[in-house]
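Number of protein chains: 6
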Amino acid sequence: MPKLSVTRRVHFNAAHRLHADGLSEQANREQFGPCNNPNYHGHNYELEVSVTGEPDPTIGYVADLSEIKKIVTSEVLDRFDHKNLNIDVPEFRNLNPTVENIALVIWQILEDKLPGTLSKVVLWETPRNHAVLEI
Amino acid sequence: MPKLSVTRRVHFNAAHRLHADGLSEQANREQFGPCNNPNYHGHNYELEVSVTGEPDPTIGYVADLSEIKKIVTSEVLDRFDHKNLNIDVPEFRNLNPTVENIALVIWQILEDKLPGTLSKVVLWETPRNHAVLEI
Amino acid sequence: MPKLSVTRRVHFNAAHRLHADGLSEQANREQFGPCNNPNYHGHNYELEVSVTGEPDPTIGYVADLSEIKKIVTSEVLDRFDHKNLNIDVPEFRNLNPTVENIALVIWQILEDKLPGTLSKVVLWETPRNHAVLEI
Amino acid sequence: MPKLSVTRRVHFNAAHRLHADGLSEQANREQFGPCNNPNYHGHNYELEVSVTGEPDPTIGYVADLSEIKKIVTSEVLDRFDHKNLNIDVPEFRNLNPTVENIALVIWQILEDKLPGTLSKVVLWETPRNHAVLEI
Amino acid sequence: MPKLSVTRRVHFNAAHRLHADGLSEQANREQFGPCNNPNYHGHNYELEVSVTGEPDPTIGYVADLSEIKKIVTSEVLDRFDHKNLNIDVPEFRNLNPTVENIALVIWQILEDKLPGTLSKVVLWETPRNHAVLEI
Amino acid sequence: MPKLSVTRRVHFNAAHRLHADGLSEQANREQFGPCNNPNYHGHNYELEVSVTGEPDPTIGYVADLSEIKKIVTSEVLDRFDHKNLNIDVPEFRNLNPTVENIALVIWQILEDKLPGTLSKVVLWETPRNHAVLEI
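Protein chains in written order, with the numbering used here: chain A, 1 to 135; chain B, 1 to 135; chain C, 1 to 135; chain D, 1 to 135; chain E, 1 to 135; chain F, 1 to 135.
Bound conformation, chain A alone:
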């Protein structure tokens, strides 16, 4: 049998800058270029969250995507949307908010809270750059 999953796409707008605490100011500028701007820049992030499983034989859902949307909204969007990730989101106080680190933080936030098995997180920083986590 093929593996079955369902996915919900959401979006949030946030400011960030890339800055590694373990590097000097000079090394940060060389490593991250304009992404290191001390005044921040920002993105329209697009996020897809997938859960895998069998469809409920009566209901026909692997999981209720409107319930997933509610959980992603309260756990991620309410904390990330229209925020400065470096300042307003505690997880990034000591963690560089690269697209892969943001995806990892979202995975850790969601993995025990969804009605089903979290199987994939895709996070687009721009239409040209994204990170994927999947089991």
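Hints are computed from structural coordinates only; laboratory data are not their basis. Check the hints yourself; a few may be wrong.
Where chains are identical, the list cannot tell them apart; a pair therefore holds if satisfied intra-copy or between any two copies.
When the alpha-carbon atoms are kept at most 20 Å apart in a straight line, the in silico DMTMM-like pairs for lysine to aspartate or glutamate are as follows [unchecked claim]:
{"#": "1", "residue 1": "3", "residue 2": "75"}
{"#": "2", "residue 1": "120", "residue 2": "48"}
{"#": "3", "residue 1": "70", "residue 2": "30"}
{"#": "4", "residue 1": "69", "residue 2": "30"}
{"#": "5", "residue 1": "113", "residue 2": "21"}
{"#": "6", "residue 1": "69", "residue 2": "21"}
{"#": "7", "residue 1": "3", "residue 2": "134"}
{"#": "8", "residue 1": "3", "residue 2": "54"}
{"#": "9", "residue 1": "3", "residue 2": "21"}
{"#": "10", "residue 1": "113", "residue 2": "78"}
{"#": "11", "residue 1": "3", "residue 2": "88"}
{"#": "12", "residue 1": "70", "residue 2": "112"}
Quick caveat: nothing in here was measured; it's all calculated off a predicted structure.
Here the structure of chain A is known, so what remains is to put chains B, C, D, E and F in place on it, guided by the hints.
Leaving out everything else, chains B, C, D, E and F in the frame of chain A:
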């Protein structure tokens, strides 16, 4: 060697309502909310069908995507496009047409009919909700 | 000075069928083909609503797009989304819900209710078909 | 004869906050909600710039879109991309960077610098919100 | 009353090179750069064709978009799709196939053949470059 | 732990024709139809390249996507963009440039050159047809 697949994307427009025969009318309204509207609503479904294999050494195709398009058209689109899934498509007489059940029905219809090994079906109900089946 | 407008995009999912009361059943089938299916089909409609004007010198808004979203939600989406346009929306009891007629109805609903001058309505029935109303 | 124009689309990523100098802190919070976050948020802006005219009878161009891209890059993108609009871009020191004001500033920057008559600027703040300036 | 139009989007894939007969080989290389490659390059062109008018009071159509699709297919797509514009399409034997010239040729082909008043042609050469003709 | 990857999307425009050296002219026309046009046609190819690994604990990158972009540009885009694949790219002198063969060639070019483990290549020939290679 990496696994190789080729994919064809098609679309169909259909009406449906979500309704589980095993639930009371009241439970259906609570479970499915506006998706349970007895007069139906509808979607522009987007469908991607993938087959996997080796490219033919002479032709250079894993499979002929124009042939796949013809088969998907005759087996799926001619039966689903501009239809009411609940009424016009026999597979959903007793099966709730959730996005995951529609994807499963499409998999079952196509898996023995394509020139190659069906490896993935992706079905978008909206740009924000989709189901994936993959081996 | 160039003309300035701001636009909000929203979406709704609805069932409909094309059927002209002034034509015979046979003429309806010939005119509208599969769109005349008596059991309905459906679409993910995308809607853009624009207002034109001068930006407020203090606030910097031609109009508050979040206020426009609220009005479009209460006046259009709450009445059209997850509905059967022919049955559930009184404006289409005696009016064929073609993409141009739906756009005209939306214009008439919104033109006196928005904070600013309604200047454009674009309605996509599919990514390939749309209607535009503009002054 | 129909009017002819050619368009180039580019993008930039920037942080901003909405804040009107003429309003109290309290009024700013009420007017702009989460967009007033003092720590900023951000967007992937998409920008389309159009010029209108007759095609050169030898060359076949209304204007050379690669030249337009160079000018938009040096005049707009190099100054806006990966920046904080409120802090790093002098035009917004005393001007609220709403989508309509950013579009107006871009129009003023470009109108005398392009090889042809600037006829339209479209600026998307998100896929759901945009401003248009056109003659 | 606002102006009403309906639009159909289609696509075609074609090879071309930019080359002006009135310029030397050297001037062509300088003017058009890689677009002057003598071996051609190519694009997935996206085309939108709009007609304007009043909706028929019985039918509800400004124009039948499926009829427009048939005409655009036979008059444009059957002649341009999977072709080399410079070699296979007589209109470009002595006319440089820039995006604006292709749009002008399409306008001239269609303007007397559509069921309604042709009001707009938009032609995308890439998602970043397009031409618009409109009355 | 879920598998982590990061992806960069780029694009190139190229002409090609499908033609198998091992088939007669007649068999080529039957196999490839309009794609066999001896004068070529073309596409806007979209390419996604993914690498997988652990994020560097100091930097926070699985791989630097701007470095990946530079390598993909010099190794693939500078050789494929605005080219005729059959004539200008030596890899296709004796290999039919089907979407799966182009993806395979890109995989072979890139697999030892990227800063990280190449895990996925997706190549869209059109928005409706694509090939995927993945480990």
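Now for the hints, and whether the structure bears them out:
{"no.": "1", "hint": "3 / 75", "result": "neither (27 Å within a copy, 22 Å between copies)"}
{"no.": "2", "hint": "120 / 48", "result": "both (8 Å within a copy, 18 Å between copies)"}
{"no.": "3", "hint": "70 / 30", "result": "between (40 Å within a copy, 16 Å between copies)"}
{"no.": "4", "hint": "69 / 30", "result": "between (39 Å within a copy, 17 Å between copies)"}
{"no.": "5", "hint": "113 / 21", "result": "neither (31 Å within a copy, 29 Å between copies)"}
{"no.": "6", "hint": "69 / 21", "result": "neither (34 Å within a copy, 25 Å between copies)"}
{"no.": "7", "hint": "3 / 134", "result": "both (13 Å within a copy, 5 Å between copies)"}
{"no.": "8", "hint": "3 / 54", "result": "within (9 Å within a copy, 22 Å between copies)"}
{"no.": "9", "hint": "3 / 21", "result": "neither (41 Å within a copy, 25 Å between copies)"}
{"no.": "10", "hint": "113 / 78", "result": "within (15 Å within a copy, 30 Å between copies)"}
{"no.": "11", "hint": "3 / 88", "result": "neither (38 Å within a copy, 28 Å between copies)"}
{"no.": "12", "hint": "70 / 112", "result": "within (15 Å within a copy, 34 Å between copies)"}
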